[in-house]
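Asks: Sequence:
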Amino acid sequence: MTLLSLASKQIWPQVLAVAHLQPDSVLLLHSEDLAESKGPAQRLKRLFDDGGLVPKGGTLLELVSDSDFAAIERCLEDLQRNHQLPLSDCVVNFTGGNKLMATAAFRWGVRHARAFYLERRNQLTWFTAPDGKMFTRTELLNGHVTDTLDSAALLSCQFGDEVVQFQGERLTLNEKGSKVLMQDLAAKLQGETRLDRGAFDFRKWLHIENPSAREPKEGDNLEYGTACALLKAGVPAVRRSVELSTLPDSRNSEGELDLVFNWNGRLWVVDCKDRVGGETKIEALRTALLGVGGANRQTAALLQSVAEDLKDRDIKILREDLLQISEVGGLLGCALAVRSTKPPQQALEFAASRHPQVEVLLKTDLVKRLPAILAGRRPR
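Residue numbers for the sequence shown follow this note's numbering, so the first one is 1 and each next one is one higher.
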C-alpha cells in the first residue's frame, strides 16, 4: 500500500493512520508554507524514519499547491504515474491540509483509488466512487497502536526541535515498582508527599533515564508519585521535566512540563502542584496569633486582606499552568492537573472551560480515578 497524505500542523491524523495501516510507502503532500505544511511534513518524515513506522526510505516529501484546485489533482495524477503506483494500492488521507487541498485530494482519491478521513474519536470513514456512485464505510482505529512511540519525539514532531529544549527524564517502573500493589501506592499518595517533610521517595520505584540537571523542587516527589500511578495504570513510559521554549502563537513564555506521556492516540500533559495554598497559610497564622494572644480586630482585617491577595495569586498561577498544558495538548490532546489540596472554585471553573478540558485530580484520588480517565471515561 502507498499512502498519499496531506500534512498540516496537527500531526496525529498522519501518525495514527500510518501506525494503523502500516503502508509500504508514504508520500507526504505539503505546500510551501513552512509553518502550516512544509515544516510538519519534514518532521513527520523524520518521525516515520526514526520510529520505524515506515520502512527506511519509504517516506517521500512532495510539493503541491495550496490554492489551485486543478493543479492539486494534476499533481496527484503525476505522482501516481511517475512513481508507477498501481491505483489499487493507492490510499489518500485527506484529513490534513487546508479545505481546498483536502477537497481536491478527496475528489481525486474517490475517483481513482480510495480515500479516508480520520475523525477525532479515532474513526476512519472510507470513500470510494469507482463508477461515479459514492460508497462509504467506517472503521474504528485502535488508538493504542501508537502507545510505544516516545512522547518526547511526538512533541518534537508537533512543535519542532527548536521548541523542545530538553526532552525530559524518561520514567519507567523498576523491579520494585513493578511489584508494588496498587493499594500500597494509594496509601503513599494519601499521606505526605513532600520529601522535606519525611515522605516516601517515589524514585525508589522508578528507573530514570536522562536525569534532569536542574535543582530539585519541593513538588518533585509528587511528580514521581503521579508517574508511578500512571505507569501502574498501564502507560508504558512517562517523560518528566520537559523544557520548552515559547510555543508558536502562545501567550506563555518558555516553561517546563511536569509530565508528558503518549496514550491511546493522544498526547497527555500533566501539571503537578504540591504546595500549601495561601488560604491555608493564613489560617495557620490566624491560629498562631490566637495562641499568643495577638489577635484583634485590626489584625483580623489585615489577615483577611492578605488572604484575598494570596487567593488571587493562587488562582492566577493555576490559570497560567492550566493554559500552558491545554495549549501543549492541542485539539487532540488531554490535560490533567494533579493537586495536593483542592483548588479554588474559580480555578476549577477555568479548567472545565478549556478545550480540551483540563481534568483536575487530587493526589488522594489518583489511583482510584486514573484508570477510568485513561479509558476515556471521566466520572466526577
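Calculated from the structure, these hints are not laboratory results. Hints are not guaranteed to be accurate.
Capping the alpha-carbon separation at 35 Å, the derived lysine-lysine pairs in DSBU-like fashion look like this [unchecked claim]: (1) K176 x K217; (2) K368 x K176; (3) K9 x K45; (4) K133 x K179; (5) K9 x K56; (6) K9 x K38; (7) K56 x K45; (8) K204 x K99; (9) K38 x K99; (10) K204 x K368; (11) K176 x K204; (12) K99 x K133; (13) K9 x K176; (14) K176 x K133; (15) K368 x K342; (16) K176 x K342; (17) K204 x K217; (18) K99 x K9; (19) K217 x K368; (20) K179 x K342; (21) K56 x K38.
Derived CB-CB ranges, DEER-like [as the list claims (entries may be wrong)]: (22) R194 x K368: 20 to 28 Å; (23) D365 x G198: 40 to 48 Å; (24) K56 x A129: 30 to 38 Å; (25) A71 x T172: 20 to 28 Å; (26) R46 x L140: 49 to 57 Å; (27) P130 x L348: 48 to 56 Å; (28) P130 x A70: 41 to 49 Å; (29) H83 x L348: 23 to 31 Å; (30) F69 x M134: 13 to 21 Å.
Just so you know, even glycine gets a beta-carbon here, dropped at the ideal spot from N, CA and C.
Asks: State for each hint whether it applies.
Replies: For each hint, the structure was consulted:
no.	hint	result
1	K176 x K217	holds (25 Å)
2	K368 x K176	holds (21 Å)
3	K9 x K45	holds (13 Å)
4	K133 x K179	violated (58 Å)
5	K9 x K56	holds (23 Å)
6	K9 x K38	holds (9 Å)
7	K56 x K45	holds (10 Å)
8	K204 x K99	violated (51 Å)
9	K38 x K99	holds (16 Å)
10	K204 x K368	holds (22 Å)
11	K176 x K204	holds (8 Å)
12	K99 x K133	holds (23 Å)
13	K9 x K176	violated (41 Å)
14	K176 x K133	violated (60 Å)
15	K368 x K342	holds (17 Å)
16	K176 x K342	holds (31 Å)
17	K204 x K217	holds (17 Å)
18	K99 x K9	holds (14 Å)
19	K217 x K368	holds (26 Å)
20	K179 x K342	holds (31 Å)
21	K56 x K38	holds (20 Å)
22	R194 x K368: 20 to 28 Å	holds (22 Å)
23	D365 x G198: 40 to 48 Å	violated (23 Å)
24	K56 x A129: 30 to 38 Å	holds (35 Å)
25	A71 x T172: 20 to 28 Å	violated (49 Å)
26	R46 x L140: 49 to 57 Å	violated (29 Å)
27	P130 x L348: 48 to 56 Å	holds (53 Å)
28	P130 x A70: 41 to 49 Å	violated (22 Å)
29	H83 x L348: 23 to 31 Å	violated (54 Å)
30	F69 x M134: 13 to 21 Å	holds (19 Å)
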